[in-house]
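S.K.: If you want the building blocks of each chain, they are given just below.
There are 4 protein chains.
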Amino acid sequence: MKRIGVFTSGGDSPGMNACIRAVVRASIYHGIEVYGIHRGYKGMVKGEIYKMDSHSASNIIQKGGTILRSARSKEFMTPEGRKQAYEQLQQHGIEGLVAIGGDGTFTGANIFYEEYGIPTVGAPGTIDNDLYGTDFTIGYDTAVNTALDAIDKIRDTADSHDRVFFIEVMGRDSGYIAIPCAIGGGAEIVMIPETETSIEYVVDTLRTGWNRSKTSFIVIVAEGDDAGNANEIAAKVQHELPHMDARVTILGHVQRGGSPTAADRMLASQMGVACVEGLLQGRKCEMAGIINRELVYTPFIDTITKDKLINPQFLKLVDILSV
Amino acid sequence: MKRIGVFTSGGDSPGMNACIRAVVRASIYHGIEVYGIHRGYKGMVKGEIYKMDSHSASNIIQKGGTILRSARSKEFMTPEGRKQAYEQLQQHGIEGLVAIGGDGTFTGANIFYEEYGIPTVGAPGTIDNDLYGTDFTIGYDTAVNTALDAIDKIRDTADSHDRVFFIEVMGRDSGYIAIPCAIGGGAEIVMIPETETSIEYVVDTLRTGWNRSKTSFIVIVAEGDDAGNANEIAAKVQHELPHMDARVTILGHVQRGGSPTAADRMLASQMGVACVEGLLQGRKCEMAGIINRELVYTPFIDTITKDKLINPQFLKLVDILSV
Amino acid sequence: MKRIGVFTSGGDSPGMNACIRAVVRASIYHGIEVYGIHRGYKGMVKGEIYKMDSHSASNIIQKGGTILRSARSKEFMTPEGRKQAYEQLQQHGIEGLVAIGGDGTFTGANIFYEEYGIPTVGAPGTIDNDLYGTDFTIGYDTAVNTALDAIDKIRDTADSHDRVFFIEVMGRDSGYIAIPCAIGGGAEIVMIPETETSIEYVVDTLRTGWNRSKTSFIVIVAEGDDAGNANEIAAKVQHELPHMDARVTILGHVQRGGSPTAADRMLASQMGVACVEGLLQGRKCEMAGIINRELVYTPFIDTITKDKLINPQFLKLVDILSV
Amino acid sequence: MKRIGVFTSGGDSPGMNACIRAVVRASIYHGIEVYGIHRGYKGMVKGEIYKMDSHSASNIIQKGGTILRSARSKEFMTPEGRKQAYEQLQQHGIEGLVAIGGDGTFTGANIFYEEYGIPTVGAPGTIDNDLYGTDFTIGYDTAVNTALDAIDKIRDTADSHDRVFFIEVMGRDSGYIAIPCAIGGGAEIVMIPETETSIEYVVDTLRTGWNRSKTSFIVIVAEGDDAGNANEIAAKVQHELPHMDARVTILGHVQRGGSPTAADRMLASQMGVACVEGLLQGRKCEMAGIINRELVYTPFIDTITKDKLINPQFLKLVDILSV
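Protein chains in written order, with full-length UniProt numbering: chain A, 1 to 323; chain B, 1 to 323; chain C, 1 to 323; chain D, 1 to 323.
Where hints are given, some of them may not hold.
Pairs count within a copy or across copies, as identical chains cannot be separated in the list.
Derived EDC-like pairs (lysine to aspartate or glutamate); straight-line CA-CA distance at most 16 Å [stated by the list, open to error]: (1) Lys46 x Glu223; (2) Lys83 x Glu196; (3) Lys308 x Asp135; (4) Lys214 x Asp204; (5) Lys316 x Glu277; (6) Lys2 x Glu33.
Hints were generated in silico from the structure; no laboratory data involved.
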């Protein structure tokens, strides 16, 4: 393998740039050429492909977002689109790909390999952390710290006004972000998609606290919770507890941005190098990851189909700590 | 005057604790006693009044929120409530008050003085900055920096995905927070209550940018804008520009919390000392403030009835900088 | 066991308060009483021992430092001192101890158990991370992020002025802090106690970079490096490369403070609960830790005598990434 | 005037990039061309001059340092060097200059104008704030907040260990940075070049506090204080008070970097526009500034020769607040 391409795909996450940098530097270190593909599969189809050198990756390790940009591509979902993408890669002499993204990205890479034999090694780039094959995904630690920083600020005002705050954090399918936000943010309750949390339980817990003269509360809600979104839950609780002053904050897209934490820069750097070295070892359709501090490669198909479960101890921890 | 009380009232703002600390320390410095009144007028009515010493104000200068807490009080709006408040103060021997809050707080203090002759000197404690009688209010600088920090993060993801972000910042009646967020956040458009901004203008500006191949945009919306809230505005714009990917983030209560900036700690410290010294000089029903770096006292009635206008140059600046 | 004591000892680290909070809450959860011992062994000897309730641990999870304070105690190193400490504990009815600290702390606890039979379970509280028996210590992640934040700022000015910066981070005996600072900070060279790095190597690397028209460099130096401290190293390098503009920054004690990161709050919370539960299980002279995301207890003697080695892959990573 | 050049010179300061951006955008807005001159006068002599467009100033408003870099130039101090610089400007058709820097920068611009008639309008770009002709300089607010953030962290550890910390902040000739650090950082003493502070006073103040059972102290030292640097002062104090545990932290170059605060972005944006508009109005050898929230232009000669005095009220404030 003499020439590879790198791209970011799906929702951006902090540390993607650190990963791109590592891919570029590892390529140079191992004597191969590297091209940046802009806007993910969309740019692959359209041929937005540019040579990168050591300098193109300078001074980006600390930046949020992705300098290669990201996008969804309807064309790549069609056989014609993938054919075009293949021709673009051929034209640039690209023999292997590094994909930084999540399971949607890897699904595309799998199909592409079956059709055209271009191998892809992936890096887990998503803030959600619900990706089988790695303990942590690139951007997760930063997203949690960003959310926690906001929660600390909200607690200042919650305490000052004796209020109940329902804070919605990201996590459409999982509580990976919500759990450390709840434990680290000193929340009384956490509501996540993996477990059922009834409105009755929330109402009872708040009422009990109130009766013990606790006057401010924080409830962390993962956006995909089965009881509804934070606004809906707050409205129901407020209805039951009209004497309390319930407020809602939806943290939203701030959780995707910002300078990556040390842990995310470390992980992203390791993953970038591992992707390049994986391609050079002849790997195809595998994602690099760190499990128990060891580098592992997991077939894309497993990252897509297998579930990564949350440690149930953490839910117990929320209960103990909110005594 | 031998003994004074201090309280915080209305929405909390970062720097209130630094101001409380300065009130306590200045009291000790000038040889008078100081009592903390909890939960504003509510606690005054109920007698939640506690002696403070140098130590009670230790290690709070950097904290968000208010250790004295804040609340709204319906009782204080009634003659009976104020009578009770007066009796509580009498009982504790409190002869003067320092009120840290906004115009609602000062309105109450004015009436209270007329009825019972207890003088109050106020410190401008609100993140909104729309208070006549001071260039800046305590908490404003912190709120703007907090919002800007969030906007920086959102721009990371906006740039990575070619999106239009509508970001709603605080400001029910004014664009004081929105303006520096727009200028400092590199926004293309700012929408504030003080000026009319039509949806047509927004659509035109975005379309023009798009046609010049600009692909990501930030629009800052003050919550009180006449064109609607950020969700409504975004929906209207999205309808006109269906090819763009519009997203909304409402920053909300994070803007109230957090450790105060250097400027807010300085201002809060100066104001706290000025309130105590104002009381000792025999002032009553006046708010301390800084205008052109000089300490001034402004009658409460002026802070309540007069408008503080935004510098129109700043709106032009947004235009120039988004070229 | 009906009543336990908790104390912090040795250098403070961010997350100690989160751990204290977890000890308090877990005690209440499990129906036992908990006393805070101030200033470590010093306060134990002197009897600075106070009952804690749920409220004493409120609103401290986000605070740096330790509300129980820390100190060195010469008295506790003497048999008389330990006798006095034992009598104090007896007097307060304390049957077991939670010690948050490092190997010096655990050495004392071991001796104390042999002499008086008071069991101690420890939590790894040190920013240095060089403690056998846990993947990470409480405060380490925060210290690294604090250092990295400073390094990011220094790189701004290094790049603007074409300078070589020698940045000294904490680590008297190990490169645990230096390594992620180097990888995450985009440094060209890292100098740690575990490996020999000659001045010649530094000079050669910088000269080679310079000749490839690279004009700004960052060298991370662990304070305990064998080649000297950052000032000494910089002077030697400057002597060999007089045309370069070498500067030194010693980060110092800022690395000990600050609000703990999410990872440190999580770890501290888990450790605090594990210490209390460990005591209730009858453990003595063991430290709680997390290895490969599982809770483990390690005898104090092992934490004191065994080495925790740095992953040699990380040094290679610095080389690859600075290509 | 059809074409201007912009450069940064002297020590870099946060907000210089925001100012460059404003210069570029204002030039486009007013229909003139703008060239970036790299490395200040050094690059002007060597002809490191490149055309800038709207895009070259994209996404830099939040960045520390200066994308145009800065340097000292010995050549520009000679008539031959200035001749060469003039020829370079001629060659590029540059008729006016915007200089972002401090008094050294403006001195050079003055001489250059006298010799070659090229007008310069300056923006106050220095963290030190001791520049006559503006209330605040670009970068000052950020530097103070960065220092304060570090001081907050150090106070965590000072409080935990009952220590006296001597913290050295920037300020070779003035206490502008030291003063808000002391007031905002809750310091007991501040030592600045403008006033004499004897070691005896420091020793007395600490001893008095100690005797009132205060056990941790913070002393802020401006680097240019007449009593010596922080290390020297600490050694002398430690000698007199051997029972106290004195520590030193020198904040150093971190104070120059980092993302600019809202206030610095606002100021930098206003200054950049004012420089371009000043040139278009025919100004020469003047610095733009903000005094009492109004835009003013001050002759370079005044900015160089006149002193800007510190408000003596602030020193009294330190005394009152450390009661």
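S.K.: Quick one: Lys46 to Glu223, C-alpha cut-off 16 Å, is that within a copy, between copies, both, or neither?
M.R.: neither (34 Å within a copy, 40 Å between copies)
S.K.: Classify it for me, Lys83 with Glu196: is the Cα-Cα distance of at most 16 Å met within a copy, between copies, both or neither?
M.R.: neither (45 Å within a copy, 51 Å between copies)
S.K.: Between the shortest in-copy and the shortest cross-copy C-alpha distance, which are at most 16 Å for Lys2 and Glu33: within, between, both, or neither?
M.R.: within (6 Å within a copy, 43 Å between copies)
S.K.: Treating 16 Å as the Cα threshold, decide for Lys316 and Glu277: within, between, both or neither.
M.R.: between (40 Å within a copy, 13 Å between copies)
S.K.: Could you place Lys214 and Asp204 in one of the four classes (within, between, both, neither) given a Cα distance threshold of 16 Å?
M.R.: Classified as within: same-chain Cα gap 13 Å, cross-chain 45 Å, threshold 16 Å.
S.K.: From the Cα coordinates, with 16 Å as the cut-off, is the pair Lys308 and Asp135 best called within, between, both, or neither?
M.R.: Classified as within; 9 Å inside a copy, 21 Å across copies.
In this structure, the hints that do not hold are numbers 1, 2, in rising order.
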